[in-house]
Amino acid sequence: MPFFAIRLLPLFLMLACAGGKGSDTGSEAACESNTDASLEIGSGAASFETLSAGEPIMLVHGAQGGYHIELGLRATGIDASDLVAADFTGEIGGVQLAQSKPWLQFRCNPATATWDAWGTTLIYDSTPEDLKGQSTDVHVFLTDVSGVELSADLILTIEDPLVQ
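Straight run, no breaks: the sequence shown in the numbering used here ends on number 164.
Misleading hints may appear alongside valid ones.
The list that follows gives simulated cross-link-like pairs (lysine to any residue, SDA-like), each with its CA atoms no further than 20 angstroms apart [what the hints assert, rightly or not]: (1) K101 x V145; (2) K132 x I57; (3) K101 x H68; (4) K101 x G62; (5) K101 x E70; (6) K132 x G93.
These aren't lab readings, by the way, just hints derived from the structure by calculation.
I would like the entire structure built from these sequences, with the hints used as guidance.
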């Protein structure tokens, strides 16, 4: 490969990866046509996964010594043209033990006509021994680009196969 081609390779890679704001631009119309506002809490590190109340969610032992659960959101009727502000909290026994305030990048899921986000970690200020088997009340408050506010709640059971 010629020297000039090697020097231009990073530029070509950047241009190939650039595509809007991370959304599936070819199918955003499906999500934008779904105007009924809704918000659902789920799980997911690599994609949104639906969860029902009381379902188990795995506790992740983080690389830096913390303990978290991985959450995702599914929304309709929001303006996801840019990053969306969210506030996640986790309570156990009425005591808030976790909070995260991420900026989320929603992507259109044309199969469900919803905006999906995933990979949000909710880090608990506790130990695996104290978290295993506990019910956690997860609350999410979201404000989209246009100022639309949505909230959702879900009770999950924390599981940890590493703790006996």
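Now the hints, each set against the structure:
Restraint check for K101 and V145: satisfied, since their Cα atoms lie roughly 15 angstroms apart, inside the 20 angstroms limit. With a C-alpha separation of about 10 angstroms, the suggested pair K132 and I57 falls inside the 20 angstroms cut-off, and the hint holds. Taking the CA atoms of K101 and H68, the gap is near 14 angstroms; set against the 20 angstroms cutoff, the hint holds. A threshold of 20 angstroms between alpha carbons decides the hint, and for K101 with G62 the separation of about 18 angstroms falls inside it, so the pair holds.
With a C-alpha separation of about 14 angstroms, the suggested pair K101 and E70 falls inside the 20 angstroms cut-off, and the hint holds. Between K132 and G93, the direct Cα distance comes to roughly 13 angstroms. Compliance with the 20 angstroms bound is thereby established for this hinted pair.
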